[in-house]
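Undergrad: If you want the building blocks of each chain, they are given just below.
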Amino acid sequence: MLLNEGQVRIPSGCAIAGIINRQGQGFGGGKIIDCIANMHQRSNGLGGGFAAYGIYPGFAEYYALHIYFDCKESRNDCERYLTKNFNIRLQEPVPVRKQARVNNAPIIWRYFAQPKEECLAYTQLDEHEFTARAVMHINAAIPGAFVASSGHNMGAFKGVGYPEDIGEFFRLEDYQAYLWTAHGRFPTNTPGWWGGAHPFTLLEWSVVHNGEISSYDANQRFLQMHEYRCTLQTDTEVITYSFDLLMRKERFNLAETISVIAAPFWSDINDERIKRLRRIYGGLLLNGPFSIIVATGNGLIAVNDRIKLRPLVAARKGEFLYVASEESAIRVVEAHPDEIWSPGGGEPVIGLLADRENLLDLAPHNDSIARPA
Amino acid sequence: MKVVAWTEYCLGCGLCEIYCAAQHDGYNGNVLKIFKKGRPMHRSRLLKAEQGTWLNTCMHCTHAPCINGCISGAIKRDPNGIVYVDYERCVGCYSCVMLCPHGHVRPWSERHQVLKCDLCRDTGLPSCVANCPNGALQLVD
Amino acid sequence: MRYVIIGGCIAAMGAVEGIRSIDKKGSITILDGEQRGVYSRPLISYYLAQPDRFKNLAYRSAEYLDHHGVDVMKGWAVQIDRSRREVVLHDGQIISYDRLLIATGAAPFIPDISGIKAPWVKTFYTIADVEALDSILTKGHNALIIGSGLIGMKAAESLRQRGLNVSVIEKERHILPRILSPESANMVNCLLNEAGIKTQCGEELTAVNENQANFASGLCLPVDILVLAMGTKPHIELAMDAGLKVNQGIMVDEYLQTSDENIYAAGDVIETRNIITGTSEIMALLPLAHREGYLAGVNMAGSKSCAYEGGIFMNSLNILGISICSAGSLPRAETEFLVWQEDHKYLQIFLDGDFLCKYIAVNLPEVTGPLTNTIADKIRIEKRLWQHFMTSPTLSAFPDVYWQKLRKEANYDYNKCS
Amino acid sequence: MAHNIMMPAFKVQRDEERCIRCGVCVRQCANNVHNLDEDGWMWVQDDKCVACHRCAVLCPTRALNIIEYPLDFRGNQHWTPASIREIYAQAQSGGVLLSGMGNPRTYKNYFDHLLINASQVTNPSIDPLREPMEMTTYLGNKNHHSCGEKPQLKLDIPLMFSAMSFGSVSINVHKSLAVAAKSLGTFWNTGEGGLHPDLLDFGRGAIVQVASGRFGVHPDYLDNSAAVEIKIGQGAKPGIGGHLPGEKVSQDVSLARMIPAWSDAISPAPHHDIYSIEDLAQLIETLKVATRFEKPIAVKVAAVHNITAIASGVVRAGADILVIDGFRGGTGAAPMRIRDNVGIPVEMALAQVDSRLRDEGIRSQTSLVISGGIRNSADVMKAIALGADAVYIATAALIALGCHMCQMCFTGLCNWGIATTRPDLTKRLNPHLGSERAINLLAAWKHEMMEMMGGMGINAIESLRGNRLMLRGIGLSKEELGLLGVKGVGE
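Sequences listed follow chains A, B, C and D, in order.
The numbering used here applies: residue 1 is where the first sequence begins, and numbers increase by one.
The numbering used here applies: residue 1 is where the second sequence begins, and numbers increase by one.
The numbering used here applies: residue 1 is where the third sequence begins, and numbers increase by one.
The numbering used here applies: residue 1 is where the fourth sequence begins, and numbers increase by one.
Calculated from the structure, these hints are not laboratory results.
Be careful, since some hints might not be right.
Selected chain D positions facing chain B (Cβ under 10 Å, derived; list incomplete) [stated by the list, open to error]:
hint : residue
1    : Arg-14
2    : Pro-60
3    : Arg-62
4    : His-243
5    : Pro-245
6    : Gly-246
7    : Glu-247
8    : Leu-429
9    : His-432
Computed from a prediction, not measured in an experiment: that's the story for all the values here.
Positions of the beta carbon are idealized from the N, C-alpha and C atoms, including for glycine.
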């Protein structure tokens, strides 16, 4: 019998796409659906999904939890846990439309919530860490419940099916987001599970990814030491946690983070600090073929593995930045970009909102690593 | 070109002499044949002195005393600088033996001629070098 | 530059090689007085013994001469005109030179006694001599060799090989007087007798009659062929006539230059320094002739840069399987020596303090190379080491200091070798 | 003592058709097995033969063969010929049985029960001939909060030459390995016998050992090194010390070890200043201070039953590099009973220790190096995938230098010039050739490792480290799979 995500490691090939308006102007989901639909053959109908940023401006200060339930009992269990730990401003089903090619959908709800003060005080965690741990608890310990996304003012919409059908199912044309990413999946040994579709998210992070990471076990065992439990056994999860560890916890900037996950060759590293980073975080080097788009509320970054074994194309038109697995996927929505290029291995394409400097606007850099004078 | 012998790595096993003998006189390195059917006459000799053992071999000197002292012009230098004996001409006067500072040229008494290293010039890498088990012999320019 | 060499033997060949090591273009002319091409005199005994096998006595091949651009002219020089730098040949031809080398060698000494001109009295020095001997010898006849030097012994050997009854007569007290010591001569004498060569010492030839040779002691010996091997004398007449400085041989400086700056001399015709005794003497030896020729050639072609330090006496001869090697000289009459003897092998070394000055090796040629070189290079080796060596004279037992010196001179780096 | 009732272990067969009486075998056998008398009569003393193969290898006519002595005992599964012979030997000598090299018994070899993965269509394999393939690895404390200050060893290939002391092996072994290590961009280990003055230039490429005997340890020795290794235990003889017999303590050895010549060199079983883990912490700190915190400090322990707890303690005591030596690890001399019955396989120890250190969150404070019976590049790959940072080899290196595994190292009569200090035998190992052979071996392994990594779709060694998904176990019980942390084939 085939096992689901979380029970077995599932490699998959994929299509990815991302669009950002750097001025933060929202636009409907139609564009990203057209984009990903154009790469229909890169998926096999076993998974599709989107991440949208800026869709809940009215609840911007709340963690927006998109949660999938197998059944009513799971929802009850989960809500009991949530109400114990969070103040919930609003809870409602995510609106969907019936779609002939999308079947076996779980019960899909969203919750706008904030950790309870007393819980934070009791655990002595900051609210991000508290929420992240809560998400991991739900995924690991509450049967039949799965948190699809958990960031502020953003959401993940994913399921089993071709991405364009999933987009229609979730009525994405009704949402206005300044940043969309999309994923079409070609897994090779899963029956297809809604929770296992991509994007993979944690808090504000969302990741879409194409490829199979050969270093998976080395990466996940490294992350284990930093208390990440890779329950889904997918590459995307590992990538997300790597970004989370490096940027949120260790507070490295984008360039430093990229120099870890797509490290330059030893022979090309001149900077002692980057050498040191590679020595320490060698376990996080993502080896093997991949192209990924990592997004937060601040923008997106797209990057290839260091020897560019997977496709990635980027284009710019005015305030819009497009990235996708194929050039045609960009041309279909923007026939005449100002600039279009194929980034090299390990060379990131960065699209941040005009007023942001980092993917995560957080406290100063990690200074536990000595910097050269 | 010449073979240099390194006392510090010479084991004294004597394989150089054995292969030297087998390489010449048409035996093409067939050790068994020359020892069972032929008369093994090696050119270079393994010496055992205070400082250890080493193969006493020809330096193919630039001003080779053996060439200059040869009464019949039998000792010659080939275009590669290899000093060899022309057995058509050697009469076995042993002047070369008397003149070789290395004591390398030796009498071949049964033929009334002399034996000396010709660097296996017909067969490539000198047999002693090729068969030294410890790299104690090296061919140098 | 035009080089002319009078004489076409070993020194001439050395000179060609010496000249060509510097001057690849200049013309070289060899005046071959014997008109037999460039051949090696020591080979004549082998020619006599086995005329078929040793027909070709060439010291260097025709291709070799051609390759070195040497023009061999048949003819002998009768006069050197130093002022015009010209050589006059026997047929009146005149050859001009820029540099001249006199390498006229020597000729057999013939005593002035009665009957010496008889047709069966021969010398043994040139191809012509061999041909003359060959034409008269008959197996089973009696051959008398007068003189037991190198030439006499080789003549004896070849005649013996041709089946004649051979006796060697020496006027000194033992055979090979300039090479052997009385002790070693005794041994060699026995070996020679075993090999079928009779010897007689202390006899001086006084007259030669029909089928009979008479000696000072009254001894009379029957004889069919008599070979004179009583030594040689250098061909110095040409140099004397030209007014060059001459003693017993032509006098040259350390650059082999005669008293005329354009004329050099080398080989058996010159006087050389014996580096053991320090005296100037005639050292008619093939290896020295070659070396002198070579150095003269280098000095003729270039600046006078290669000094000749002199030579040592050295001889190696094989007589009917008996190998005799000797080198060096005795600086004093009474010189300390060590002897080793086993079966038919014999080694005698003479020590002058910590220096080896002479050795005599009979049937032991293997160790003679390093011994010769020890003498020539004046390598100091302590007496106790010699004593050790003489307990079993093999190359392995040769004093280590000698090998170390050779090794040091070679000085290779293992890593830089192949 | 009466007549020895033990028959020879080996039989030397001489093909008389082929023997040419050249005497090479006579001259080459330090055990005097071969004799050629003045009549040209060749005779052999089988009982002296140790099957080192020197004579057979050098015989120019291949006239020699050595076989196990064919005299059979009556078949008995319990009283094997070996066990009977051991009793004969002890009854004759009254002594402890000694042996060289590692545990030769038939215990399960876990390396041989692990298979390596390769990429197929879902991801591409990488061609090492066309794409860069990084083998560089760093050893040392990589704790992310302190790395800036902690010294590291840079290895261009995740392989080092393991500790073999001068005295137990010849100076030419040290020279060969020192030159090879330098050329390969890795390190060699002096072992506990100090550093020979000829090799001072190679000190910077050496991991110098401090063992219970403290042989040759002085400030310059520590300074002139790449790293310092404290040897607590050795895989071949856990729990016991060492004994270099006086006859191997030549003038040179005495100089390097700083002990009188021709006297026995005894390494005590424990370090007499380490009677508990905190004493080790003090020694580590002492060595760090002595080397001005410029060099990583390694601690080498034998793989034994409670290795995880020991490893955890050693890491927490401040070791920058933890070396675990398995029971296949070689030695110059070990009591046979210890060698054959004490210790555990290094594969198991490694898997357990790696997991334990990760569970404790201290894996990054130390680099894990394993040693003991690594035979080929696949073993190296498997070790790294199980969690090792690098691997030490010694026996494999000696075999590359000519060792024929006769296991008689303790006699000092090594015919291959390896485990000896006799000058005439030592010269049989030409360090120029030795280093070339060691370099060739590791270069070959490196190529193979690159191919295997490329097959896995990995182009940097750090992505293989602890990547146990790249392994599958074959012929292992569920329990063994669990202990190794790998899945079974087909899973």
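Undergrad: Give a verdict on every hint.
TA: Results for each hint:
| no. | hint | result |
| --- | --- | --- |
| 1 | Arg-14 | violated (14 Å) |
| 2 | Pro-60 | holds (5 Å) |
| 3 | Arg-62 | holds (9 Å) |
| 4 | His-243 | violated (29 Å) |
| 5 | Pro-245 | violated (24 Å) |
| 6 | Gly-246 | violated (25 Å) |
| 7 | Glu-247 | violated (21 Å) |
| 8 | Leu-429 | holds (8 Å) |
| 9 | His-432 | holds (6 Å) |
Checked against the numbered hints above, the structure violates hints 1, 4, 5, 6 and 7; every other hint is satisfied.
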